[in-house]
Amino acid sequence: MAVFTHQQAIMAPSESALLPPAPPINNAATSSASSRPFHRQQSILENDPMISYQAFRQAYNQFLDTHQMRQEWPRSWKDSVDPVYCDLICLNASQLQFQELLYEVTHTEKTYVDDLVLAYKIFAKDGLAWDPLPTPLRLIFDNLVQIIKLHLGLLQELRQRQQEEHPTVHTIADIFLQYVPRFLSYYSAYFVNFEQANDVVVHAMSSKSDPLGVYLKTRCGWPECRNLTLQSFLLKPVQRLMKYPLFFKGLSDSLPTRDPRRLAHLRTLHELELAIRQIEKDKKEHEDHRKLEDLAGRIDGMKTCLNEPGRRLIHEGYLTMVPKTQAPMIRSVTTDALGSQQYTYAAFTNATLRKSHTFSWSSQTKQLYVFLFNDMILCTKVRSKSRTMEGDVKRAYFYGPSANSLFKMVQDPGQLTFVDRSVARATSNDATGASFEEHPLQFICSIATKHITNYHFEATTTEEKKQWCAAMSSVLESHVQRPEWWHDPSSPTFHRSFSRSSHQQKANIPMSIRSLALHHPLGIATDRNGSLRLDGGMDVDMDNDIFSTASAMPSAIFPSSANTQEPGLFRLPLRVTNASSIASSSSSSSLTDSLSSDNSAQSQPDKQSASTSSAANHPRHRFDRMEKWVRGIQQSRGLDAGQWSIRIGTAFR
Amino acid sequence: MRDSGVGKTSLMNQYVNKKFSSAYKATIGADFLTKEVMVDDKLVTMQIWDTAGQERFQSLGVAFYRGADCCVLVYDVNNNKSYESLGQWHDEFLVQASPRDPDNFPFVVLGNKVDVDESKRMQVSQKRAMAFCQAKGNIPYFETSAKEAINVEQAFQTIAKNALQQETDVELYSDFNDPIRIDNDHSNKDFNGCAC
Chain A
1 MAVFTHQQAI MAPSESALLP PAPPINNAAT SSASSRPFHR QQSILENDPM
51 ISYQAFRQAY NQFLDTHQMR QEWPRSWKDS VDPVYCDLIC LNASQLQFQE
101 LLYEVTHTEK TYVDDLVLAY KIFAKDGLAW DPLPTPLRLI FDNLVQIIKL
151 HLGLLQELRQ RQQEEHPTVH TIADIFLQYV PRFLSYYSAY FVNFEQANDV
201 VVHAMSSKSD PLGVYLKTRC GWPECRNLTL QSFLLKPVQR LMKYPLFFKG
251 LSDSLPTRDP RRLAHLRTLH ELELAIRQIE KDKKEHEDHR KLEDLAGRID
301 GMKTCLNEPG RRLIHEGYLT MVPKTQAPMI RSVTTDALGS QQYTYAAFTN
351 ATLRKSHTFS WSSQTKQLYV FLFNDMILCT KVRSKSRTME GDVKRAYFYG
401 PSANSLFKMV QDPGQLTFVD RSVARATSND ATGASFEEHP LQFICSIATK
451 HITNYHFEAT TTEEKKQWCA AMSSVLESHV QRPEWWHDPS SPTFHRSFSR
501 SSHQQKANIP MSIRSLALHH PLGIATDRNG SLRLDGGMDV DMDNDIFSTA
551 SAMPSAIFPS SANTQEPGLF RLPLRVTNAS SIASSSSSSS LTDSLSSDNS
601 AQSQPDKQSA STSSAANHPR HRFDRMEKWV RGIQQSRGLD AGQWSIRIGT
651 AFR
Chain B
1 MRDSGVGKTS LMNQYVNKKF SSAYKATIGA DFLTKEVMVD DKLVTMQIWD
51 TAGQERFQSL GVAFYRGADC CVLVYDVNNN KSYESLGQWH DEFLVQASPR
101 DPDNFPFVVL GNKVDVDESK RMQVSQKRAM AFCQAKGNIP YFETSAKEAI
151 NVEQAFQTIA KNALQQETDV ELYSDFNDPI RIDNDHSNKD FNGCAC
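Those sequence lines, one after another, are chains A and B. Using UniProt numbering, the letters of the first sequence correspond one by one to residues 1 to 653. Using UniProt numbering, the letters of the second sequence correspond one by one to residues 1 to 196.
The hints are simulated quantities; they were obtained by calculation from the structure and are not laboratory data. One thing to keep in mind: the hints can contain errors.
To be verified - Covered by chain B, per the in silico footprint, the following chain A stretches (three or more residues, Cβ under 8 Å): (1) 192-206; (2) 215-229; (3) 278-288.
Just so it is clear, CB atoms sit at the ideal spot from N, CA and C, and this is done for glycine as well.
Using the sequences provided together with the hints, build the complete structure.
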C-alpha cells in the first residue's frame with residue numbers, strides 16, 4: 001500500500017477532482033484487468049486516469065516481484081563478481097571480454113523485458129480491452145504479448161545459467177539456438193504489422209480529439225513512461241532483434257579458434273541471421289501485397305483481380321509509345337552452332353506497307369505507365385486527376401509514380417510473348433551505304449491478350465531501356481507457359497532420352513509433334529516419316545543444321561548447342577520449303593509481327609507461288625491459330641535458309 | 001581486440017553519461033539514451049537511438065528511421081572506408097525515412113576519434129569531409145573525440161537544435177514536452193561497427 005500512497009502523491013492535484021468515490025478505486029485496484037473489460041473500456045473513454053494508473057502500478061509491482069526484476073544489477077560482470085575471486089580465476093583479456101559480453105546480453109535482456117512489460121501494461125492492456133481499437137494496433141499488441149512471454153522465458157534461462165555457473169558462464173549458444181524458431185514466428189508477425197500500427201499511432205497522436213490519441217497521450221505522461229511515446233516502445237523489438245547477431249559475433253570472436261564453443265556460437269549467429277533474413281522477406285512480401293491492394297483501387301477499368309497471391313511487380317515506369325509513322329528497322333540476330341551471334345540490320349524498305357496495327361495504334365506519341373508483373377503486363381495511362389486522401393498519413397510505400405496517382409487501363413492485362421531490343425536506326429542518311437545501329441532507346445515487345453499486339457516503346461534513357469528489356473526477358477518464361485503435353489527439353493529426362501537411345505528418340509519426339517498437331521488441328525501436322533508439315537501447303541522439314549538430315553530421317557528433334565543455352569526453351573527450327581509467303585510478310589523481322597493477327601495479309605504482294613497459294617489465301621487465319629502456340633520467333637537467317645526458330649508455348653494459361 | 005567501430009555508442013555514452021570506457025566496450029550499450037537539453041530556453045527531451053546492428057538488415061531498419069527528427073552520421077577519421085560510405089548512408093537514410101522535406105532534413109556529420117595520435121591518423125582530411133558536407137547542403141560538421149570529450153557537447157547541442165527545428169514543423173505533441181528522436185545513424189558498414 002505504500003506504493004499506492006506514493007503514487008497518489010505523484011498525481012497532479014488538479015486530477016483529484018476527477019476522482020470517483022472511494023469504493024470504485026478499491027474495486028478497480030483489486031480486481032484483475034481481464035475480469036472487467038467493460039469497465040476498462042469506459043476508463044479509456046471517460047479518461048479516468050487515477051483508477052487506471054493505480055491498477056497499472058499494482059500490476060506492474062506484482063510483475064516486478066514475481067520475476068525479481070526489482071533489484072538493480074551491477075553495471076558489468078566484473079562488478080558482479082567478488083574482486084578476490086576475480087583475481088583468483090585470472091582470466092585473460094578475451095576470456096574477460098567473453099564474460100562481459102555474456103553478462104551484457106543477460107543484463108540488457110532484463111532491461112528489454114522490463115520495457116516491453118511497461119509498454120504492455122501502460123498502453124496495451126487497457127487498449128486491448130477497448131472495443132474500437134484499430135486492428136493494426138490490436139495485432140501489434142497481441143504480438144507484443146507473445147514477444148514478452150518469449151523473452152521472459154529466455155531471460156529466466158539466462159539467469160538460471162548465470163546462477164548455476166557463477167561466476168564464469170560457459171556458453172549461452174544452446175539457449176538461444178532453441179529460441180530462434182520462435183523469434184522467427186513472433187517477430188515476423190510483429191514486423192509485418194509494425195508499419196500499419198505505427199501509422200495508426202502517428203495519426204491518433206496528431207489529432208487532439210481522437211479518443212485513442214487522448215488515451216495514448218495521457219499514458220505517455222505517466223512517470224514510468226519516462227517521457228517516451230508508444231512509438232518509442234514499439235520500436236524496441238525492432239532494435240533488439242538486430243542486436244543479437246552483434247552479440248554472437250562478439251562472443252564467437254572472443255573465443256579461441258579451436259574452442260568448440262566458438263563453433264556453437266557461430267552456428268547460433270548463423271541461425272539468427274537466417275531468421276532475420278526470413279523476417280525481412282516476410283515483411284517485404286506483406287508490404288508488396290499491401291501496395292498491390294492499394295494499386296488495384298487506383299486503376300480505372302480493371303476487371304480482373306489484381307491482388308492475386310503470388311503476383312509480384314517486377315518493374316514499373318513510364319514508356320513512350322512510338323507512333324507508327326516511325327517504322328523501326330529491325331536487327332536480325334543469327335546464332336551459329338557455337339552460340340556466337342551475328343547481327344544484320346535491315347531497314348523496312350516496304351515501311352509503307354507496314355502501316356498496320358503492328359507497332360502502335362495511333363500516330364500520336366503516347367505516354368504510358370507500364371506495370372510489369374511476374375505473370376502479366378499492364379499498360380496504363382496516368383490520369384490527370386489524382387486521389388484525395390483523408391487524413392494526412394503519409395504513405396511511404398506505393399506503386400506508381402506517386403502515392404496518389406490514378407490510372408486508366410489502356411489495354412486488357414496481357415502476357416508478354418516476346419521482347420526485341422534490337423530495333424535499329426540508320427546512322428547515316430546516305431542511301432547507298434546506309435549503316436545501322438541498335439536504337440539506344442527503343443524496343444519492341446509483344447503482348448498477348450486475345451490477340452498478340454506489338455508495342456513499339458521508347459524509354460527515356462539507355463539505362464532504362466536496358467532495365468526494361470532485362471525485366472521483360474526475365475518474365476517471359478513465367479508469362480507464357482508451355483502446355484503440359486509439351487516435352488520440356490530442359491528436363492533431365494528429355495536429354496537423357498536423346499543421348500542414350502535413338503530408339504527412344506523416335507518414340508518420344510514425334511509423339512510430341514503429333515500431340516502438337518492434335519491440340520492445334522490447323523496449325524501443324526506430321527506426316528508419316530515424322531517431318532513437320534504446316535497445313536495450307538507449307539511443308540516443313542526438320543532442319544539439317546540442327547537436327548537430323550533429310551526429311552526421310554524421322555525427326556530427331558534435338559536441342560542444338562545454341563538451343564541448350566536457354567534452358568527451358570524448345571526451339572523448333574522449321575525449314576520452310578517455299579519461304580516466300582512468310583518471308584514477304586515478315587521481312588527479316590520477327591515473325592511475331594505477322595502473327596499479330598493484324599492485316600498482314602494485305603501487306604503481302606500478289607506474287608505467291610503455287611505451293612503456298614493456299615496458305616497465302618488465308619494467312620490471317622493460319623496465323624491466328626499459330627499465335628496460340630508460337631510464342632515468338634527467335635531469329636531468322638534470311639530468306640534462303642528460311643530457318644525459323646520458334647519458341648513453343650502458349651500465351652493462354 | 002577486434003575491428004573497432006566508428007564510435008557511435010561511445011559518443012552517446014560520453015554525451016549522456018560523461019564517461020568513456022576503454023576497459024570494456026559494451027557491444028550495444030543502451031538501446032537509446034535520453035537527455036534533457038535546453039534549446040533556446042526550451043527544455044526538450046532528446047532521444048538518441050543507436051542503430052548498431054541494423055546496417056545489414058536495411059528493410060527492417062526502415063521502421064527505425066521513420067519519424068526521426070535528425071540523422072547523425074558518424075565516421076572514423078582514421079578509417080577511410082568509414083568516410084567513403086558516408087554518402088551512401090546519407091542517401092540511404094533519405095530513401096528509407098522518406099521525410100516530408102528531404103532537401104532540408106537535418107543531418108549532422110561527426111568525424112570521430114580525432115584523439116588518435118597525429119602521426120597515425122587523418123586518413124580523411126578535414127577538407128574532404130567539409131567538402132562532402134558542403135555538397136550535401138551545408139551539413140554541420142564536427143570533429144569529435146568520445147574519449148577526450150572533444151566537441152561532443154557542441155555537436156549534440158547542434159543536433160538538438162536542428163532536430164527541434166524539424167520537429168516544430170510537425171507539431172505532433174503540442175501538449176507535451178516534445179520528445180525528439182535523434183537517429184544515430186552511422187557510416188561504417190562493417191558488421192562490427194558498433195564495437196565502440
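Each hint tested on the structure:
Closer than 8 Å: that is the beta-carbon criterion, and the segment 192-206 of chain A has 6 residues meeting it against chain B, so the requirement of 3 holds. By the rule of at least three residues with a Cβ nearer than 8 Å to a Cβ of chain B, the coverage given for the segment 215-229 of chain A holds, with 7 such residues. Counting residues of the segment 278-288 of chain A whose CB lies closer than 8 Å to any CB of chain B gives 4, which reaches the minimum of 3, so the coverage claim holds.
Violation of the numbered hints given earlier is absent; every hint is satisfied by the structure.
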